[in-house]
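Asks: Working from the sequences, and respecting the hints, build out all of it.
Protein chains: 2
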Amino acid sequence: MPIRPPYNGCMEKRIPVAPGKAYLLLNHGPVTLVSSAHGGHRNVMAASWAMPLDFVPPKVAVVIDRNTLTRELVEASGEFVLNIPTRRMARQVVQCGTHGGRDVDKFAAFGLSGSPGSSVGAPLVEGCAGWLECRVIAEPAIQGRYDLFLGEVLAAWADPRCFSDGRWHFADADGRTIHYSAGGQFFATGDAFEA
Amino acid sequence: MPIRPPYNGCMEKRIPVAPGKAYLLLNHGPVTLVSSAHGGHRNVMAASWAMPLDFVPPKVAVVIDRNTLTRELVEASGEFVLNIPTRRMARQVVQCGTHGGRDVDKFAAFGLSGSPGSSVGAPLVEGCAGWLECRVIAEPAIQGRYDLFLGEVLAAWADPRCFSDGRWHFADADGRTIHYSAGGQFFATGDAFEA
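Those sequence lines, one after another, are chains U and X.
Letter 17 of the first sequence, counting from 1, is numbered 1166 in the working numbering, and no numbers are missing.
Letter 146 of the second sequence, counting from 1, is numbered 1295 in the working numbering, and no numbers are missing.
In short, the hints are calculated from the structure, not lab data.
Values in this document were obtained by computation on a predicted structure and should not be read as measured data.
Incorrect hints may have been included.
Put simply, identical chains are the same to the list, so a pair is met inside one copy or across any two.
Stated by the list, open to error - The calculated lysine to any residue pairs, modelled on SDA-like cross-linking and capped at a C-alpha distance of 25 Å, are: (1) Lys1208 with Ile1286; (2) Lys1162 with Glu1301; (3) Lys1208 with Tyr1295; (4) Lys1208 with Ile1291; (5) Lys1208 with Asn1176; (6) Lys1170 with Gln1334.
Replies: Here you go:
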């Protein structure tokens, strides 16, 4: 029996992504997990409403609802991580998106592990394909009016089995990134092609 | 020889998408075409950096570079359309993303047709799978600082062959929505699955 690569729950390899390539982790519109930590608490929520905002220095935009624990932790810490999960984590993404962090420790309840990043206190969710460590760019007016947060990417990482030299290269179906539709339905990232 | 459905260059059927379902056109992170018009000029550019911002009334966020003709037309008119192209339009998407609207009439040069929307003056790009007619929500500070535009969706439409009742249902490979990576490389929207 082949030994499976050490995905979920284990520390896996990750390689740094150059600042000028960080936007490529998000450019194709995958669903994300937003992880956060402050004052001994940590949390992770699902977010489809995340996108790149600039190339260098790389910036992102993400919608974080005002009623979430994530919002509280992100506002208190001024930091978050955008994690890019794979198809093998789809069930955990739904679980993270349908449970509130005030009711349950989502890491423990859904079998997720967090490992330390290099630049922020928020944990990197293990088993993901990519990670963007972000510091909030304070824009209180749009945070308040639209739940919209902007972040500067301080460090970016990828699993070299699926992303290197600024290119996604998915080897197996379960390791592909995913795109959320609704009601527990996803699309996998599909065929690569050149126009 | 079968008669092909009247895609590019022809007026095709489209059905209204209810306001509460409009975000689903964008939720999975497809590439978009941003169309705009003002004072007898019209233009279309490619944008991967677009996402939903709210459910009802539906809102969107999109990055529009300050050096583009699109920016000029959107600021002057206060309107834009987010069009969701399909794989059969991928080459046109690249062309729209690599040429400036001041140098070429992209509709004429790349074989695109625009048809009138219901609520804005910007044209709907024919052959697309979905359309979001938007009015700019004026936020001059973030427009100026980040090239970030927020829009309220006044009307949304879909090609019923691939989207109805709030669900994408792609029948053929060329009719799938697409996700931009870089350098002319795309991913098709892949397998649908439930977690």
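Asks: Hint by hint, which ones does this structure get wrong, listed from lowest number up?
Replies: none
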